[in-house]
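Student: Chain residues, written in single-letter form:
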Amino acid sequence: MQDLLNLFVRSIFVENMVFAFFLGMCSYLAVSKTVNTAMGLGIAVTFVLVITIPVDWALNEYVLKKGALDWLIGEQAAEIDLSFLSFIMFIAVIASMVQLVEMVVEKFAPALYSQLGIFLPLIAVNCAILGGSLFMQERELASIGEATVYGLGSGIGWLLAIIGIAAIREKIRYSNIPAPLRGLGITFIATGIMAIAFMTFMGIKL
Amino acid sequence: MSKNSKLLSGPINLNNPITVQVLGICSALAVTVKLEPAIVMSVSVTAVLALANVIVSLLRNTIPSRIRIIVQLVIVAALVILVDQILKAYLYDVSKQLSVFVGLIITNCIIMGRLEAFALGNKPYASFLDGIGNGAGYAIILIIIAAIRELFGAGTLTFPGIGEVTIIPQAFYDFGYQNNGLVILPPMALIVVGIIIWVQRAKTRELIEEV
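So the protein sequences, as listed, match chains A and B.
5 is the number of the first residue of the first sequence in the working numbering; add one for each residue after it.
2 is the number of the first residue of the second sequence in the working numbering; add one for each residue after it.
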């Protein structure tokens, strides 16, 4: 339990997707003009991460990893290593999951759908999602529970980051910034300063 | 200037994928702690981009537009697997340093962005040039960031094939010069990009955003 909590806190603050690994920067920069839309995208990303990371974990554990197929064909599976296929399998899972999530949300929560609508298809090519799955594979998380908690934590970390920068950008509009720095430039520098702030969490352990 | 040479030179300054189109930032920042991985990453992205552009452009009249994203992802993922295997075979150390970021070329927005915006509507040769041009624009920014970060952070520059070259002489250190540890850390990558954008826009006034 403590391990899970530890992983959760680490993935939100210490190993924040945006500030430590720069994942999902494109949508982070493009969709952070107002807090409302930023919130919508952040929730959609968290939602998709919580679903795809455990699914990709199972895929990795039971199909792709070296020797993972021994539940199916026994001893001789020890030599089979399909991990070179993981990119294409993960991206296929993500694309189909996003499609599935889109259909389920459209059916059961039309209000949420109209809010997330345009963002959901974009998420398939958001690097934070594929990055989450690849980090899950690289770190060899031990159980599906850990994978889910990692997905939730990194999603919430991303949500925090995008809401923070959207709020800053709403305020910054009224400041007198040198003309060449307006828009993109100042957003980068503000993100850098936020990242320095997040670095103070480094070394936190529960 | 002819149309083809514009395809090559446009993305290097006026239409730069990173500082103007805002595509492919994720990988640009993460691999720039040292010069060598940055160069390897630029070459990989350029190769994948040019090839994917050509393939999608050849198939542009046969791909049904409803499923085009999935078709594009499969093409790109197949190319990235090739690149990943080649790096693991010939440049194992660099491929370890790049870790997940080779895989993330699949979702690199430059690739999807150029496929959608250019390759789907243009002939293969023009798409090839567009791929090379955008790859070069990406490479230039990556190399500038990596050179700044490695020079001030570690006092060295690492070139592929040559290895680490010490740039800042020992006499400086004896005199009390210190490497700036902050430059190596993630936040400075963002600030360096911010400053590059500032310099570029100050020089080319038409890029300034109206807010």
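Derived from the structure by calculation, the hints contain no laboratory data.
Quantities reported herein were computed from a predicted structural model and do not represent experimental measurements.
All residues carry an ideal CB built from backbone N, CA and C; glycine is no exception.
There could be a bad hint or two in this list.
What the hints assert, rightly or not - So the derived list for chain B, only partly shown, Cβ under 10 Å to chain A, looks like this: (1) A31; (2) I144; (3) L183; (4) I198.
Stated by the list, open to error - The list that follows gives simulated cross-link-like pairs (lysine-lysine, BS3-like), each with its CA atoms no further than 30 Å apart: (5) A:K70 x B:K97; (6) B:K97 x A:K69; (7) B:K4 x B:K204.
Student: Compare the structure with each hint and give your call.
Tutor: Hint-by-hint comparison with the structure:
1. A31: holds (5 Å)
2. I144: At about 17 Å, which exceeds the 10 Å cut-off, the nearest Cβ of chain A leaves the hint on I144 of chain B violated.
3. L183: holds (8 Å)
4. I198: Where the cut-off is 10 Å and the nearest Cβ of chain A is about 4 Å from I198 of chain B, the hint holds.
5. A:K70 x B:K97: Cα-Cα ~19 Å, so holds.
6. B:K97 x A:K69: Distance of about 18 Å is within 30 Å: holds.
7. B:K4 x B:K204: holds (24 Å)
Hint 2 from the list above is the single one not met by this structure.
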